[in-house]
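The whole structure should be built from the sequences, with the hints applied where relevant.
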Amino acid sequence: MIKLDGIVKIYNPKKANEFEALHGVSAEIKDGEMVAVIGKSGAGKSTLLHILACIDSYEGGEYYIDDTLVKKLSEKKYAQIRNEKIGMVMQDFALVEDFSAIDNVMIPLNFAKKKVKDKKKKALEALEAVGMGELAKKPCNKLSGGQKQRVAIARAIVNNPSMILADEPTGALDTKTSAEIMELFHDLNERGRTVIIVTHDPKVAEQCDRVIEISDGEIVSA
Amino acid sequence: MIKLALKEFQRRIFTNIFTALQLGIIIAILISVVSALQSRFVLYTPVKDMIEKNGAYVYVNFKDLFTEEEINEEFKGIDDILCSYIPDAFFQDFATDRTYTNIKNLSYKESLIESYRPKLKEGKWLSDVDLSDDIIYTVVYDCKNEYNVGDTFEMEHFYYLPEDTDFSNPVIEKFPVKIIGIINDDSLVFGLSGGLSEVDDYRNLYGTVKDENYSFVSIFSKSQLESKGITCGPRGTALITYSDNLSDEDCKILTSNITKQSATIDMETFRERSIGYVYNQLFKMIPLLICVAMLVVVSTVSISALNVKGSLKAYSIFYVCGSDRTQCLNICLINSILTALMGVAIAVILMNIGSVFGILEETVIETSASGILACIVALMLQIACSMIMPIILMNKCSLKENLTENE
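Protein sequence lines correspond, in order, to chains X and V.
If you read the first sequence in our numbering, its first letter stands for residue 1, the second for the next number, and so on.
If you read the second sequence in our numbering, its first letter stands for residue 223, the second for the next number, and so on.
Source of the hints: derived by calculation from the structure; they are not laboratory data.
A virtual CB, placed ideally from N, CA and C, is assigned to each residue, including glycine.
Honestly, I wouldn't trust all of these hints.
[Unchecked claim] Selected chain X positions facing chain V (in silico; Cβ < 10 Å):
{"#": "1", "residue": "D56"}
{"#": "2", "residue": "G60"}
{"#": "3", "residue": "G61"}
{"#": "4", "residue": "Y63"}
{"#": "5", "residue": "I65"}
{"#": "6", "residue": "T68"}
{"#": "7", "residue": "M88"}
{"#": "8", "residue": "N110"}
{"#": "9", "residue": "R155"}
{"#": "10", "residue": "A156"}
{"#": "11", "residue": "N159"}
Right, dumping it as structure tokens:
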């Protein structure tokens with residue numbers, strides 16, 4: 001379970017351009033939920049997602065993952081959570097473009113603390129799960145937007161995390177491909193994974209179990 | 223993680239080759255500059271300690287005084303002599319070969335052998351072999367290029383037995399001599415100088431085979447010849463130092479006594495002239511040294527920035543996927559080391575190309591310990607910059623910016 005308790009995020013603290021992006025955000029997301037986080041541009045959706053993904057820090061409040069207080073973790077443990085518990089999907093895919101699809105999917109396995117046997121096989125299974133098995137050896141810069149997002153999802157699930165976080169995963173895709181990608185998220189959610197999707201697209205949001213709306217750094221409806 | 227680092231290195235292979243090429247050129251420039259700097263002082267090193275003491279610059283050719291012991295006996299108060307030594311009655315067996323018209327045999331004290339090394343065309347210098355071996359070693363110059371490293375020839379030592387009172391029947395003892403090195407034609411050889419002049423500095427203790435038109439020059443170890451019973455005596459331009467316990471007045475008297483038998487210049491004048499030349503050379507090099515230092519710093523910093531910026535998106539992706547900052551830096555370190563090794567390989571290739579085509583032989587460029595040290599410093603600077611740069615750049619921008627702006 002994820003618990004946010006009064007999270008405050010300040011960019012450039014104590015500087016002239018100081019900006020408070022989140023003003024004490026509190027929320028709970030249960031295991032296996034599929035949640036959409038919506039809001040206007042600059043509302044603080046991505047900031048919240050980055051905090052949830054343990055790739056950004058916060059200045060106030062507490063964040064718990066399965067009753068573990070994230071703030072108190074060492075950098076190594078923090079990285080381990082990113083590696084084992086969280087799978088992250090970005091709008092612009094965040095792939096190493098010159099790497100092949102399978103090399104990209106293998107990245108999290110390379111940083112796994114537990115020894116992973118046959119990394120290639122595991123990565124291939126993840127690619128097959130998103131329908132990209134046949135294009136495993138193709139460099140990512142030769143793939144279409146939809147294919148790239150599938151590779152990004154394969155990478156997010158390769159370590160079998162309990163949580164999938166997606167930042168505007170359909171933002172750069174056409175309607176048909178967006179529907180296919182959302183289908184994949186549904187599949188993952190049905191298999192017990194918690195899925196949190198940041199989106200400004202109401203069609204995406206209405207496919208989720210619950211919608212959290214953020215406005216000006218505060219949750220206005222959950 | 224190493225596999226991932228290698229993949230990242232391979233991914234950016236063209237940038238890495240470009241970086242390595244730039245590093246290779248920097249290494250070659252550094253070695254050249256250090257060589258140029260050293261070449262100006264390499265001849266000063268053997269005389270450095272001597273000219274700091276009280277003494278005189280002398281042309282040693284005293285009447286009835288051959289050995290150093292005889293000279294020391296005649297001129298009380300001499301502490302040391304830096305000079306080349308002529309082996310007495312020790313001749314090449316091809317002395318009758320008329321094509322070798324001007325033959326010179328020299329021997330050096332161990333201290334000089336250690337501190338001085340003439341430029342060799344091939345082979346080793348006397349300090350590189352065990353001089354306690356039975357065979358006599360020599361380093362030669364041969365105008366006809368007939369002798370090679372490893373060849374041996376015979377030397378004949380002539381002497382008379384005490385009972386031979388009319389000197390009519392010399393004993394000839396033959397010694398095999400092994401060539402261990404061949405001197406370069408333009409090498410400055412200690413003791414091959416001509417006479418002494420008023421304007422001399424330390425450079426006048428050296429001369430080339432061309433200067434005196436020598437056809438065959440052999441250089442031996444004085445101690446090795448003396449162990450075979452061959453006496454060696456100092457001859458030619460020399461630095462003579464006086465004992466520390468001599469007063470200034472005693473020193474003047476000693477110089478005056480030596481001057482009665484040979485031309486001398488007091489050490490103070492010789493020292494001023496020598497150090498003046500060294501500083502003059504150093505000042506001439508300063509603009510070049512500053513330029514090279516700036517080139518090294520600017521290029522290593524820019525290379526690192528260019529290289530790291532290109533990898534920043536990948537490092538951000540690794541971070542999102544579960545690497546910590548240390549792991550990202552380790553990947554960066556492996557990349558930098560591989561690039562540095564590639565740079566070294568390129569520099570070695572460049573230097574070898576220079577050697578193969580004889581370009582380097584025409585210059586003073588050679589790989590020395592100081593040159594290698596300068597290159598190691600430059601490489602360490604490059605690696606350090608490559609390690610610091612990602613920390614600066616990653617902290618400067620948000621992860622999202624790093625993921626989107628560094629395609």
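How the hints compare with the structure:
no., hint, verdict
1, D56, "holds (7 Å)"
2, G60, "violated (19 Å)"
3, G61, "violated (20 Å)"
4, Y63, "violated (17 Å)"
5, I65, "violated (14 Å)"
6, T68, "violated (16 Å)"
7, M88, "holds (5 Å)"
8, N110, "holds (5 Å)"
9, R155, "holds (7 Å)"
10, A156, "holds (9 Å)"
11, N159, "holds (8 Å)"
Checked against the numbered hints above, the structure breaks hints 2, 3, 4, 5, 6 and satisfies the rest.
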